[in-house]
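Colleague: Taken in sequence, the protein lines are chains A and B.
First residue of the first sequence: 208, per our numbering; consecutive thereafter.
First residue of the second sequence: 83, per our numbering; consecutive thereafter.
Keep in mind that the hints were calculated from the coordinates and are not lab data.
Among the hints, erroneous ones may be present.
Here are the simulated lysine-lysine pairs, DSBU-like style, with alpha carbons at most 35 Å apart [what the hints assert, rightly or not]:
#1 A:Lys311 <-> B:Lys117
#2 A:Lys311 <-> B:Lys125
#3 B:Lys117 <-> A:Lys696
#4 A:Lys564 <-> A:Lys575
#5 A:Lys682 <-> A:Lys575
Listed below are several chain B residues computed to face chain A (Cβ distance under 7 Å; list not exhaustive) [unchecked claim]:
#6 Pro98
#7 Tyr109
#8 Asn120
These numbers come from a predicted model, not from an experiment.
Glycine residues also receive a C-beta, built at the ideal position from the N, C-alpha and C atoms.
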Amino acid sequence: MSHTGILVIVILYLLFLLAVGFWYSKASSAGSSEYFLGGRKMGPWVLSMSEKASESSGFMTVGLPGEGYSTGMSSVWNAVSAVFSIFNWFFFAKRIRRLSEILKSITIPDLLSARFQDHSHVMRMVSIVVMTVFQTVYVCAQFVAFGVLFEVVLGVSFSVGVIVGGIITIIYTILGGFFAVALTDFIQGLLIAFALFILPILAIIEIGGFNRMGTLLDQSMGTEFLQPFFGESLLTLAGLIGIISYLFIGFGFNGSPHILIRYMALRNTRDVKRIALIGIIWMMIAYYGASFIGMSGAVLFPDLGNPEHIFPTMTVELLPWWLAGLVLAGALSAMMSSIDSMLLIASSTIAEDLWNKVLHKDELDEDKTILISRIATAVIGVFGIIIALNPLDSVFWLAVFAWAGLATCFGPPVILSLFWKGVTKWGAISGMIVGPVVTVLWYFFPPLDIYEGGPAFIAALLTIVLVSLVTHPPKGGDFDRMWDEYTEKSELGRPVPLPSDVASVKALKKSDVSTKTEKEIVTQLLNSKIRTVSTYVGK
Amino acid sequence: MGGFPLTGWLIMIVPPVLMILSVVLWYVREVKMEKLENELIRKNDPGGE
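Chain A with its partners taken away, still in its complex shape (with noise of 0.2 Å):
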């Protein structure tokens, strides 16, 4: 009955994740604004689940958990990593949406090349190709991790796995978009937290309590297993590596695009501050649980052989089967909202940035543009499978390889972009060259055994300086005038207001906003319908 519970269990969430697609393919087919950045209408808790259901995928339930079951008390070094997610909050992701609105930008390397002037197309090529191949990697690691539960939970083939779960998830991002994937990823953020919250809950008392557990793992695994230095009782060189490599992982945040896109689909800037409280609450217990069940799991099952199965083992040994069920669709939602977040940036690329602002000057109309990207999602989506059925290398490090790419190559330009005035476009254009090529250089041979995400990052860092130094930045009127728009301050010595803002703002009527709560407010801005610039209005 277990299994047969919960394949039914899992089949009816699948069902119900292709019937949201299917409602909102209408929503979707309002324009290619809707499509991809959901019309900037998308409220805080949506979106914060959204960022953090696609950030967390498959290296959350199975590479994370996996980590935790092989290095004990070091995996939580992740969790640390998310210091980086704050700087987004802080300091990046009100200016992206202000940057992205002024310069009516709905993809990053739409972004870039209208911040950089770059009628060359070079940087929509550069960054076409690095989303094209790296995604395909992340949305195979999602594939792999696919077919780990299937065979471990549900006793399929690992084949089946893959080829299921992939199908289903390439359908519904076809048909709902952005909309679809960010709804979807609200549901998914909710269960993946439940599941990485209950689990090391029960596998604890399970063990006969928390204490217990430090107690079995200190006689059975030695104390340095307790010890986040990385298998020493002491901070040494080899910990310090392993600590750095761990926090570059975090890196990641900055740059992903499937990430920063997020920050595109804000309704306004003022959602961010409660993007951030929601989010690092929500970082807190997934990165946390997801450690703690490795090594709980570390005391109860110590003999598996493959440290990744140890999530999926778990939740059926521990769990009633429906429960299992639903942990394992929680499970299967987070690499499905990895897997369908970057189906959609990669063929937004290829339909927006290649098909038609590159081959077709701008003058594609939408439904085409929309067609196309459909197409290229499910070119993506099957050649991602077909490599996941012989993976290279486990979930962890698959994803965080392909993470690695994606952030070196768009968050220095990005990053700098909002900040300096004097990068240039060949500045940025080399960065995101040399971060991707120093990433696979330093994966295949590395000259130190640190990850490839943290040295590339720095690099392509340095390269944008180094060569803005040399070259001359983006001017002309409209250029100075984008600039002014962008960094003018008010009399509070803020940025002056967007007009989405100002619209928010206005939105209240004409009550008193001074006399308001931020409850009332945010209330009111929920249940207000705001549209704010939309790049096809008017076409």
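Starting from the known structure of chain A, fit chain B onto it as the hints suggest.
Modeller: Same frame as chain A, now just chain B:
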């Protein structure tokens, strides 16, 4: 300490407390600033249109 060394406890407690606290403080500051901004917007646009 139940088998967990001091450094283990530290990494379990300190990072989440610091990170959540920093976001909460920033949130409060943002709310305050937005209230001032609302007043500024209303002052510059008294008709509300």
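Colleague: So, for every hint listed, does it hold in this structure?
Modeller: Hint check:
A distance of roughly 27 Å separates the Cα atoms of A:Lys311 and B:Lys117; the hinted pair therefore holds under the 35 Å criterion. Straight-line distance between C-alpha atoms of A:Lys311 and B:Lys125 comes to about 28 Å, which keeps the hinted pair within the 35 Å bound. With a C-alpha separation of about 16 Å, the suggested pair B:Lys117 and A:Lys696 falls inside the 35 Å cut-off, and the hint holds. With a CA separation close to 13 Å, the supplied pair A:Lys564 and A:Lys575 stays within the 35 Å bound.
With a C-alpha separation of about 34 Å, the suggested pairing of A:Lys682 with A:Lys575 holds against the 35 Å cut-off. For the restraint placing B:Pro98 at the interface with chain A, the shortest Cβ-Cβ distance is roughly 4 Å, inside the 7 Å limit, so the hint holds. Checking B:Tyr109 against chain A by beta carbon gives a least distance of about 5 Å; that is within 7 Å, so the hint holds. Taken as an interface hint, B:Asn120 checks out: its beta carbon lies about 4 Å from the nearest beta carbon of chain A, inside 7 Å.
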